[in-house]
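Trainee: The lines below spell out each chain.
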Amino acid sequence: MNNADLLLLAIAIPALTPFLLAACGKQPNLRDTVSVLASIATFAAVLPLLLAVIDGARPAISLIEVMPGLVLGFEIEPLGMLFATVASGLWIPTALYSIGYMRGAHEKKQTRFAICFAIAIASAIGIAFSGNLFTLFIFYEVLTISTYPLVAHKETPEAKKGARTYLAILMTTSILFLLVALIWTWNIAGTTEFRAGGILDGRLDPVYAPFLLALFAFGIGKAALMPFHRWLPAAMVAPTPVSALLHAVAVVKAGVFTMLKVGTYIFGVGFLGKTGASDWLVWLAAASILIASIVALTKDDLKARLAYSTVSQLSYITLGMALAVQMGVIGGAMHIVTHAMGKIALFMCAGAIYVAAHKTKISQLDGLGRKMPVTFACFTIAALSIIGLPPFAGAWSKWYLMIAAADANQLIIIGVLMVSSLLNVAYLLPIPARAFFLKPKEDKAHGDAAASRIEEAPLLCLLPICFAALGCIVLFFTIGGLYEYLLSIPIRPESLP
Amino acid sequence: MPEYLTPALAYVAAALLVPFVPKGALRGLYLAIVPLAGILIFWGLTPGTYNAFNVMGMQIGLMRVDALSQLFGLAFSVAAILAALYAWHLRDTIQQIATLLYAGSAMGAVFAADLITLFVFWEGTAIASVFLIWARRTEGSFAAGMRYLIVQIGSGVILIAGIVLLYRETGSIAFTAMELGSPATWTILAAIGIKCAFPFLHNWMHDAYPSATVTGTVVLSIFTTKLAIYALLRGFPGTELLIYIGIAMALFPIVFALLENDLRRVLTYSLNSQLGFMVVGAGIGTPLAINGAAAHAVASIFYQGLLFMSVGAILFRTGTARATALGGLYRTMPLTMIFCLVGAASISALPLTSGFVSKSMILSAGGYEKMFPVWIALLAASIGAILHTGLRLPYLAFFGSDGGLRPKEAPGGMLAAMGLTAALCIAIGVMPAAFYALLPNDVPYEPYTFSHTIVQLQLVAFVALAFALAVKRGLLPKAERGIVLDTDWIYRRLLSAILGSIGRLIAGLWKGAGRMIASSLNWGAGIVYHLHGPRGPFARTWPTGAMVMVVAFLLGMTLVVTYI
Amino acid sequence: MMSLIEANLPALQVVLPLVAAPLCALLGRGDRSWAFACLVTFVTFAVSVALFAETYAGTIISYRMGGWEIPLGIEYRVDRLNAFVLLIISGSAALVLPYARRIVAAEIPAERQPLFYTAFLLCITGLLGITITGDAFNIFVFLEISSLATYALVASGSWVNKRALTAAYNYLIMGTVGATFFVIGVGMLYMITGTLNLADLAVRIVEHGDSSTLRMGFVFILIGIGLKLAMFPLHLWLPNAYAYAPSAVTAFLAATATKAAVYVMLRFMFTVFGFDYEFQADTLRMVVLPLAVIAMFAASIVAIFQDNLKRMLAYSSIAQIGYILLGLTFLTETGLTASIVHLFNHAVTKAALFMVAGCFVLSAGTCSISKLGGIGRDMPWTTAAFVVGGLSLIGLPLTVGFISKWYLVLAALELGWWPVALMIMASSLLAIIYVWRVIEAAYLQPAPEGVVRKEAPLSMLIPTWIFIGLSIWFGINAMLTSTAAGRAASALIDSSHILWKE
Amino acid sequence: MTGSPETQSKSMPGSILLGIDTARGGRIVTWCLLLICAGLAAAGFTGHLHGYFEIEELPAFYGWFGFLVAIGLGIAAKIIGIFLKRKEDYYGAGSTNLEEHPASDLGMEASDA
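Chains as they are written, first to last, in the numbering used here: chain X, 2 to 498; chain R, 300 to 863; chain W, 1234 to 1735; chain H, 2 to 114.
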């Protein structure tokens, strides 16, 4: 089996899984086994591809020519491979977690849930492997549509409202801006292929470059750049596994991944740097980082706080791209991985808290750490990773983003990153601190004995959480390999100013 | 293949195993033995950098062994053992783990040969230590812990920013002496300055330390600030600016220490003032001054620790550290009183105590360099230290007006820890030569000259006399319930008031804007609905005649356009 | 025999349904007439396919009716453009008729059904005739044939709802006004040139030069055809006609009637008038362009507030016609490609959607959105078809709607018409709203109590899904449609004399 | 409340110092200090005190300098205290200034228990 076949397989497995799931929708055990097996099979197909890409292979395949010159095709390059690995790799723990969560929380329509989930993963991998912007756009939209039922899953009025906001913002931005940007790119470059060094250099008048970039930056609504970030908190009405994988990993990372792709392979880092087209984006991303953090501070709902934290963290990656230096791309790409690991753990913890204790507000968590020590220990680890503290993975990506800011001579941005870390501390760490160290308000009458009985979430929820938390630590020590790998992202250094 | 066995690793590994060691004597022993094992790892190694390897093009060195790092490593280890003894009674696993992680991080930072490793452990001390504050498990300590954490992590992120800049500037991340001048080094100095409690960056200490648990405060007092002193000695020896900072730092806390009612807070101010001496030493930068600063740091770990331990013992038995509630405790806690007095003597630099042999080096270094203002200021600071910690603190706690409390003597573990620490303070004072042999620079120094001894005795005695008279005549501030404003007012009151009002303003504007947008949207939607809704002109079924009129109108208009 | 058929294909295309229509009326019982009509449309479709295949390479078939010489006799002229339109019309007919049996049986009394199918065939005849003929007056004749048949078809909706009669009456008035305007315009052209053959007209108009009569004729033809293709604000007849006509009729009309009119518009604008004079382009850009943009928005917004699914889709059609006209006013090859490809894409999509509405009417007895709650569970396939069609209407990738929007925006960007490009996109956002209202109702709203709804019969589902399949297939592989449209567009551009063309 | 406080105190381990905190005890301590100071001042003249600065040559410089500075610091603190002292509830509830140390962290026992 050659690499091109593997590539198709990696997309086909999750894309075909829904049919299997639908077929065995009546038997929950079989259905859940299928979705776990599918996640493992997908990862098994992605892994050899990763090894091949590390060895320098660039598998490509074109499926069909949709319109003259516009091909639906895939080509793997390091960045996409990374995203695919993250999305498919984290699908396995999430699949396990979903089972624990959905059963623990007695959710309805679990088959529909599993089906849409698989489609979403398939489209995320499709985005990762897209050989051109056109293909990427197609999968981008599929991802939006396939996650809509997941967001609306509970079918309550709030769920419907949240899903409506979700769809409205993602659709509006992608159609109003991204599609226009895509067509504009096609119009001036005659291609939408991803090429090292970009396709716009020499074709696009630098005067228009900031505008095209703006269309992209706002069009990629999934990157949740302010002011188009509202969908992310709105999507928090979804069941937690959805928030965990999709809104901490697949969907939002698809957004920032696209952002990185556009910066690296459409504009080209050199072109952006030369023309200063992304200068404004640096400041917008910085503002987005800070404002979202401040908003997060004011949220008492755990998932809402995590959502705003995600908004803030995503802008790090956008910032990395906008800085238009190699280290920015590397830092951004690294942040995709490290943030994914940390945020998925945080969301899973939020879900575990809901399943085990039915708590959703931070102010209700006092003393819960005694009952759920493992969950909150993992929460602490993941939070520290998100803040960017050693020895947790997040420290490295922040390091490279800071290096990028230094390379781009943006000392103020270094300051922004510093302040943001402190804001992260302020909104993340009180959560476990309260849980561990404060006494529950309502329980004061009862003795400590009742409060300290261990009542963790089901094991299927707990194990993935531990896995993700452990990942945050392991990644810190093994980051060297990732860095070497990211150096292979072609940015055509000769095009740099 | 790099090796990773460092004291820090040993501590971290040991910390992870703590929950599996049964609570009680076994765990107490375990906690005391870990630092001992740590000493074995680095003691006796020939100077050099061990466990070095390359990460992403950066040269990492986990263990640099030289006289300075070994001195601090040893002091931290011994202090960790004493702290473990002091906390023998403790049954709180979280605090025990945090203590080990905290000590381990401090050790790791001391042995770091590069700035990245330093940063890692720098943040490690911040995170691990906050648990000692939170472990008090009250709303107040939760908030104080958050403030402390933000400041400490703030120091860490400023450090990393400095490292980034330095790395981009010089291409190296080695942790060596730096010159102030570039943004990079200024940033790094600021980071160290926070941990070192430079004036205006100091308040985290006075806010957080008294908010920790009984044992937590003792542990906290050992590591963080001394680590910062170590970093200054390593990174910025001989930086003139430090002299002025150090002087200010030695002087200003005196007033606060004299005003404070909370004895633990008195001790933090006194600690702050002592740190000023060390900063001055680092700033002078001569071999003697460096030796003095290092020696004073080590000595102060112990005597300051001893003082914190004795106040902690009082708190442990009486439930309060407020001077107003205490007094007359000599009756029932004589041992604690004696140990406290040893500590007080040490900080007063009474001959035959550790303070005498270390502090005099810094004063001498200033004297040799003929820095009169420095010397006189430090002398005044010494007088302050004798006054507020050497005399006022034991007086208020153990003598003074009888508070009526008759607590039991401190538990055995505490007494043992205090006794050993007191013995150590005296041993250093009695045998300075052995102590000096550990110092980084090979500079001969003899503390016990006749004149030296006699003037120091004069100083202490006259200050004591002044204290006695002042107490009688009411020339000292009375101990009374209340707090003293410090720079934390800026962020606890001023900033929160400003931010609060800005927040309210923004929230108001936001709400107003939201309402306005919503109402204008509603209005717009109303118009749209009016026009396009099922009964609107765009959607209504028009009478046939009207339809034809529209057609005619359009025809006319088009004709006009065509003919123009 | 074969060669005889081959030689007379253009004539057969029209004559076959024309002759079949009265026969159908004679067949009596419903099912028999239905089967016959089906057969006829299949054959007609086969003829169209043959014509399309013949002209795809670029051949132009010129067929002289009765052997009379041009320009005296009537010429049937098939080139890439109208072969494409013929294909759309006959193809839609061939799919709608099989679909029609069950729904017609439910909506129209059995004894009236033969007449219904007769009218249907006549309508097909008219539409095909409009498209195939190369003679201006002949166009008028066929226009009347198709219109009269359509009035009858719309009026036959009165067995269900009496308002169909007023709708048909209004349609009659407006259609007649339109046809009259058209024939006045043609008359004026005849005054100047003395010919009715389109190709001949094109040559003679150039020879004749600019005159006020020419301008007058231009305007009358523009408005006349505009009425027929429901150009905003001449669309007023359409919503009720579509809403109250029998469901099968709506599906067919939505796919074809306006499309044939658009074809006539294209033919007249580019081939006959040819943009020899600036006033033509100016009129298009100053009148049609703003109207098209207004249509895109105004009609879409109206659609948002509609409760009747068929009416909603009707307003959506008006908006979509806005796109087609917009592409035309760009007067560039890409713009025309967009218009032509959207002719096809919209036909496919809208036919499918109206068919879904018909399925709802049959099973649920209503197509009021507020009463369709939870129908996604009861009629999964039908509702799924609606979802896909709706996505195509929005213009999401992998559907034909995306292809149209791609070309349309590309055309706007090529000209540097930024605001227009953004407005095209903004109006498709409105489509999201009206489509999503239905989807949300169908899947997330609880079903009304005590309602039993069964999945639509296969005879209706299969044609629906063929249309849906087409709209996906040509969304994924748009080479055929976009190449065909592109070639037709370039042929049109070549036949015109756009002044500012380099 | 049985027995006088004095008899209770007799049994305490630190009873050797009893009375030091009375006014009389204070006077004794003060007089002792005066004596020590005088002795040390005198001792200063027995040998040459070599310092770093000329000021150290002044007779009993450390003694009177220490005395004056100590008194000065005390007065300065008193004055500054007027401006800086606040009530314990200044920072509102949820501040460690105000709350008692939680009993769970303590081992409060009275000596005669």
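These are calculated hints, taken from the structure and not from any lab test.
Incorrect hints may have been included.
[Unchecked claim] Pairwise CB distance ranges (calculated):
id, chain 1, residue 1, chain 2, residue 2, range
1, R, MET848, X, VAL208, 25 to 33 Å
2, X, ALA61, R, PRO318, 51 to 59 Å
3, H, SER105, R, VAL729, 39 to 47 Å
[Claimed, not checked] Here are the computed lysine-lysine pairs in the DSS-like style, where the Cα-Cα straight-line distance is at most 27 Å:
id, chain 1, residue 1, chain 2, residue 2
4, X, LYS300, R, LYS810
5, X, LYS362, R, LYS322
6, X, LYS372, X, LYS440
7, W, LYS1687, X, LYS110
8, X, LYS440, X, LYS109
9, R, LYS322, X, LYS440
10, W, LYS1395, X, LYS27
11, R, LYS777, X, LYS372
12, X, LYS162, R, LYS322
13, W, LYS1604, W, LYS1687
14, X, LYS110, X, LYS362
15, X, LYS162, X, LYS300
16, X, LYS110, W, LYS1604
17, X, LYS110, X, LYS162
18, H, LYS88, R, LYS777
19, X, LYS360, X, LYS109
20, H, LYS88, R, LYS771
21, R, LYS322, H, LYS88
22, X, LYS162, W, LYS1604
23, X, LYS109, W, LYS1604
24, H, LYS88, R, LYS669
25, W, LYS1687, X, LYS109
26, R, LYS810, X, LYS161
Backbone N, C-alpha and C fix where the C-beta goes; we use that ideal spot for every residue, glycine too.
Trainee: Now look at each hint and say whether the structure bears it out.
Mentor: A quick look at each hint next to the structure:
1. MET848/R <-> VAL208/X: 25 to 33 Å: 49 Å, violated
2. ALA61/X <-> PRO318/R: 51 to 59 Å: 52 Å, holds
3. SER105/H <-> VAL729/R: 39 to 47 Å: Holds - the Cβ-Cβ distance for SER105/H and VAL729/R, about 41 Å, lies within 39 to 47 Å.
4. LYS300/X <-> LYS810/R: 16 Å, holds
5. LYS362/X <-> LYS322/R: With Cα atoms ~34 Å apart, LYS362/X and LYS322/R exceed 27 Å; violated.
6. LYS372/X <-> LYS440/X: 12 Å, holds
7. LYS1687/W <-> LYS110/X: Satisfied, since the Cα-Cα distance of roughly 21 Å is no more than 27 Å.
8. LYS440/X <-> LYS109/X: 35 Å, violated
9. LYS322/R <-> LYS440/X: 23 Å, holds
10. LYS1395/W <-> LYS27/X: 47 Å, violated
11. LYS777/R <-> LYS372/X: Violated, at about 47 Å.
12. LYS162/X <-> LYS322/R: 53 Å, violated
13. LYS1604/W <-> LYS1687/W: 15 Å, holds
14. LYS110/X <-> LYS362/X: 26 Å, holds
15. LYS162/X <-> LYS300/X: 19 Å, holds
16. LYS110/X <-> LYS1604/W: 23 Å, holds
17. LYS110/X <-> LYS162/X: 19 Å, holds
18. LYS88/H <-> LYS777/R: Status holds; Cα separation ~14 Å.
19. LYS360/X <-> LYS109/X: 20 Å, holds
20. LYS88/H <-> LYS771/R: 26 Å, holds
21. LYS322/R <-> LYS88/H: 41 Å, violated
22. LYS162/X <-> LYS1604/W: OK: LYS162/X and LYS1604/W at ~20 Å, within 27 Å.
23. LYS109/X <-> LYS1604/W: Roughly 24 Å between the alpha carbons, so the hint for LYS109/X and LYS1604/W holds.
24. LYS88/H <-> LYS669/R: 45 Å, violated
25. LYS1687/W <-> LYS109/X: Distance ~24 Å between LYS1687/W and LYS109/X Cα, so the pair holds.
26. LYS810/R <-> LYS161/X: Within the cut-off at roughly 24 Å; holds.
Hint compliance for this structure: hints 1, 5, 8, 10, 11, 12, 21 and 24 are broken, all remaining hints hold.
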